[in-house]
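Q: Make a model of the complete structure from these sequences and hints.
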Amino acid sequence: MNPSDANFQDRYVVQEIIKEMAKNRPIDTKGKKGYKVLVLNEVDKLSREAQHSLRRTMEKYSASCRLILCCNSSSKVTEAVRSRCLNLRMNAPTEEQIVSVLEFFGKKKGLQTPPGFTGRIAAQSNRSLISAILLFETCRVQQDHRVLRKY
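For the sequence shown, our numbering begins at 55 and goes up steadily by one.
Among the clues, some could well be false.
[To be verified] Calculated lysine-lysine pairs in the DSS-like style (CA-CA distance at most 27 Å, straight line):
| # | residue 1 | residue 2 |
| --- | --- | --- |
| 1 | Lys73 | Lys114 |
| 2 | Lys90 | Lys73 |
| 3 | Lys163 | Lys130 |
| 4 | Lys114 | Lys77 |
[Stated by the list, open to error] Just the calculated beta-carbon pair ranges, DEER-fashion:
| # | residue 1 | residue 2 | range |
| --- | --- | --- | --- |
| 5 | Gln196 | Ile71 | 19 to 27 Å |
| 6 | Ser137 | Tyr89 | 16 to 24 Å |
| 7 | Leu188 | Asn78 | 25 to 33 Å |
| 8 | Ser137 | Pro168 | 46 to 54 Å |
| 9 | Ser116 | Met144 | 17 to 25 Å |
| 10 | Glu191 | Cys124 | 18 to 26 Å |
| 11 | Gln196 | Val91 | 28 to 36 Å |
It should be emphasised that the hints constitute simulated quantities derived from the structure, not laboratory data. Bear in mind the structure is a predicted one, so any value in this text is a computation, not a measurement. C-beta atoms are modelled at their ideal positions from N, C-alpha and C, and glycine is treated no differently.
A: Structure (structure tokens):
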């Protein structure tokens, strides 16, 4: 989920939508205590008010919910939120790693890619795996569209 996409309403998204998802416990099928896991992207782009609301939500629903908070700059996340998290720093993938992921996707989808194609996409992506996957998917859709137009 990307609550920062709500712009000035990001506080409402954090308060209502996340709260709604977090307060309902998962169905326990094996007698074990389960957790809901929510992934929030671009937490560093949330307003201060939304981050304070997030902190309160994290505290209130800690028994039934686990949050994975993703950000590009942890310094833009309030200390109150950071102190309640296990902080992990992930480096951007290398171009070789991106090529490997794209080739895996291509094989999984049964696509024939020209030599060097995934390398060019990896170079264009500026070490952003999300950008590389989106570029790859865009090229795939354009290729499928051309094939369909022939029929």
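Q: Against each hint, give a clear statement of whether it holds in the structure.
A: Checked hints:
Distance check on the hinted pair: Lys73 and Lys114 sit about 9 Å apart at the alpha-carbon level, within 27 Å; holds. For the hint linking Lys90 to Lys73, the alpha-carbon distance of about 12 Å falls within 27 Å, and the restraint holds. Of the pairs offered as hints, the one joining Lys163 and Lys130 is violated, with about 38 Å between alpha carbons and a cut-off of 27 Å exceeded. At most 27 Å may separate the alpha-carbon atoms for a hinted pair to count; Lys114 and Lys77 meet this at roughly 9 Å.
Take Gln196 and Ile71: their Cβ atoms lie about 34 Å apart, and the range 19 to 27 Å is violated. Here the CB-CB span from Ser137 to Tyr89 is close to 20 Å, well matched to the stated 16 to 24 Å. With their beta carbons about 32 Å apart, Leu188 and Asn78 fall inside the hinted range of 25 to 33 Å. The supplied range of 46 to 54 Å is met by Ser137 and Pro168, whose beta-carbon atoms lie about 50 Å from each other.
For Ser116 and Met144, the hinted distance range of 17 to 25 Å is satisfied, since their beta carbons lie about 23 Å from each other. Between Glu191 and Cys124 the beta carbons are some 20 Å apart, a value that agrees with the proposed interval 18 to 26 Å. Checked against the hint of 28 to 36 Å, the pair Gln196 and Val91 passes, with Cβ atoms roughly 34 Å apart.
Hint violations for this structure: numbers 3 and 5, all remaining hints satisfied.
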